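*Asks:* One letter stands for each residue in the lines below.
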Amino acid sequence: MNYLLEIKDLWVEIEGKEILKGISLSIPVGETHIIFGRNGSGKTSLLMTIMGFPAYRVKHGHIIFKGEDITHLPPYERAKRGIGIMFQRPPTIKGVKLREILKLCAKENGIKIEELARTFQFSSFLDREVNKGFSGGELKKSELLQLLVQDPDLVLLDEPESGVDLENIHLIGEMIKKLLQKDVHRPRKKSGLIITHTGFILKYVTADLGYVIMNGEIYCKGNPLEIFEGIQKFGYEGCQQCLKRCEF
Amino acid sequence: MAEKKVDPKAFKSAKETRVVEDLSQLSPEERERLKLLGLDENIPHEGEFVQVDAKPILCRKKVEGLEVMPITQALKTFDKIGDYLWKVVSPEKDEFTRAVAEDLDDGYFIRVLPGYKLVYPVQTCLYIKSDKISQKVHNIVIVEEGAELNLITSCSVHPHINSALHIGISEFYIKKGGKLTFTMVHMWGEKIAVRPRTGIIVEEGGTYISTYVSLFPVNTIQTSPVCRLVGEDAKASFVSIIVNYPDSHLDIGGEVHLEAENTRTEIISRNVVYGGINIARGKIVAKAPKVKGHLECQGLMLSDEGLMMAIPELDSYYSDVELTHEAAVGKIAREEVEYLMARGLNEQEATSLIVKGFLSVKIDGLSPELQKQIDKTLELAKLGF
Chain A
1 MNYLLEIKDL WVEIEGKEIL KGISLSIPVG ETHIIFGRNG SGKTSLLMTI MGFPAYRVKH
61 GHIIFKGEDI THLPPYERAK RGIGIMFQRP PTIKGVKLRE ILKLCAKENG IKIEELARTF
121 QFSSFLDREV NKGFSGGELK KSELLQLLVQ DPDLVLLDEP ESGVDLENIH LIGEMIKKLL
181 QKDVHRPRKK SGLIITHTGF ILKYVTADLG YVIMNGEIYC KGNPLEIFEG IQKFGYEGCQ
241 QCLKRCEF
Chain B
1 MAEKKVDPKA FKSAKETRVV EDLSQLSPEE RERLKLLGLD ENIPHEGEFV QVDAKPILCR
61 KKVEGLEVMP ITQALKTFDK IGDYLWKVVS PEKDEFTRAV AEDLDDGYFI RVLPGYKLVY
121 PVQTCLYIKS DKISQKVHNI VIVEEGAELN LITSCSVHPH INSALHIGIS EFYIKKGGKL
181 TFTMVHMWGE KIAVRPRTGI IVEEGGTYIS TYVSLFPVNT IQTSPVCRLV GEDAKASFVS
241 IIVNYPDSHL DIGGEVHLEA ENTRTEIISR NVVYGGINIA RGKIVAKAPK VKGHLECQGL
301 MLSDEGLMMA IPELDSYYSD VELTHEAAVG KIAREEVEYL MARGLNEQEA TSLIVKGFLS
361 VKIDGLSPEL QKQIDKTLEL AKLGF
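Protein chains in written order, with UniProt numbering: chain A, 1 to 248; chain B, 1 to 385.
Treat each hint with caution, since some may be false.
[To be verified] SDA-like cross-link-like pairs, simulated, lysine to any residue; straight-line CA separation at most 25 Å:
(1) B:Lys362 to A:Asp127
(2) B:Lys356 to A:Gly61
(3) B:Lys55 to B:Glu32
(4) A:Lys97 to B:Glu335
(5) A:Lys97 to B:Gly357
(6) A:Lys80 to B:Glu349
(7) B:Lys331 to A:Glu114
(8) B:Lys15 to B:Ile81
(9) A:Lys94 to B:Glu349
(10) B:Lys9 to B:Ile81
(11) A:Lys94 to B:Ile81
(12) B:Lys356 to B:Ala327
(13) B:Lys362 to A:Ser135
(14) A:Lys97 to B:Gly330
(15) A:Lys97 to B:Pro368
(16) A:Lys103 to B:Glu347
(17) A:Lys103 to B:Arg334
[Stated by the list, open to error] Pair by pair, the computed Cβ-Cβ distance ranges are:
(18) B:Glu64 to A:Thr119: 46 to 54 Å
(19) B:Glu347 to A:Thr198: 31 to 39 Å
(20) B:Lys35 to A:His170: 47 to 55 Å
(21) B:Ser319 to A:Phe200: 54 to 62 Å
(22) B:Lys372 to A:Ser162: 34 to 42 Å
(23) B:Glu347 to A:Asn39: 27 to 35 Å
[What the hints assert, rightly or not] Computed footprint of chain A on chain B, listed as stretches where at least three residues anywhere in the stretch have a Cβ under 8 Å from a Cβ of chain A:
(24) 331-339
(25) 354-362
Note that these hints are calculated values from the structure, not bench results. Just so you know, these numbers come straight off a predicted model, no measurement behind them. Where a beta carbon is used, it is the ideal one built from N, C-alpha and C, also for glycine.
Based on the sequences and whatever the hints tell you, model everything.
*Replies:* Given below as structure tokens:
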């Protein structure tokens, strides 16, 4: 199997507190995986660790991307190698326009910013301060537009549907599909790792494999829709009761 | 905080220096420096004035309704000069005003005749070429009734001089319905002391917009222009965009007196401190009812080896006024740096972009040309660690 990302027995702490306890998962090239979990279960911490934010200290284990051990690389080196992240709550950067960030994301990859912004009805935001006064849906669009311009091979999506109204959720789904090349028949080159606590994003984006994470550990993996149905019926309490820890 | 002592008597007279006759006698390096600050033939100007040390070497106007001349000439030829000279700045204010009153080098006199609204800026440049001198200038600007002027002043020094003092007395008069946009984009040097003393009077319905940009190292600046809004509906805004380096002592303020009904003002300062001492003062005095004033001071500390002081002051003699202020001093938010790092910027590039954004104040009423000039200076300053 040609894996884009491999996480091997990853133990992570933040400010001395253990938050990920022996996570292992592998994402083949072209696949999208989805992680379900309650708030505080360690989902966001996993994405932040994959992106390399220094507050998330890897105590043990490895992150392998395109065959290279990137466990101790800074975030910008990971971005350069083809990892991109959609933040759930991106910060406002005073005085910096979205257009400037898009130009920096694009570097010289030839992606046409104006055209892309027009396609996703976001042109009027290009000259606004990034994330300042953006609604929930606008924040997501801004994040996804940045990723579309950055054009990463592995896309990390942190709660892409949270805070988005019904009017916008469809468009956001379209942006994610484009990002993950869902419109392309195999072989796809883009891979994704989506985390969600509601799971509603599955109505708009298909995933190849699902996981449940609780207390910093992966408790289950399998068909994402089946897992989602189980969570909808029985909640995460159901997962706790019904699922024994998976053997990977 | 004690003020940084500068003794005007410790410097030689600028009149003692070797005289430069025109711009072509400056080195290519010097000309390039001035070009960066806006003295560029490709940028349209309505008039220009350049003084090197004590001597004006370029003085021209290109349009009707504008008068540009050295102040020493205006003293002889402008018959009403007595109504404007030392009227809003007292020659007895301090040792620096006294030094200019006793031994004036030169300076510019600019007047826009009633009703003339100049499209492009008038560019002035006060340049210090010689070491260890004090350049003592007196500038007078009169914007007559209903007239408009964009004035850019680019002050700089020879890149290799060791020390110098610039004292600039500026007296600005904005008559009824007039508008003066005054933009200072400066590139001093690490050993240069600067002591401007500025007074402004704005009459009924007049507007004064001042923007002070200092993004390059300088030894010390101490300035606090005093602006009096004496006619109804007059307004004034002061914006300072400052970068403070280690060993720099910058004490930059602005004081606006609201002396007539419906006058209003805004004083905004953005300060990035890499070290040294940065004092940002602002003072608004309400001397009439139905006036509005707002002070805003923000400081970004990028080092623990410095001091940032924000000193806002609001004084009111009436109840029916609206005076507000906000001040904030802090560091760069880690999450902003990391956000940009996730987009592929290294830490230095991310910090630089955040600092540039912090200093990018949108200035109402500033022409796009001036805004471009400020943006260009921000790019030039190579901000970041």
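*Asks:* Let me make sure I understand: some of the numbered hints might not hold for this structure. Which ones are they, in numerical order?
*Replies:* 2, 7, 10 and 11
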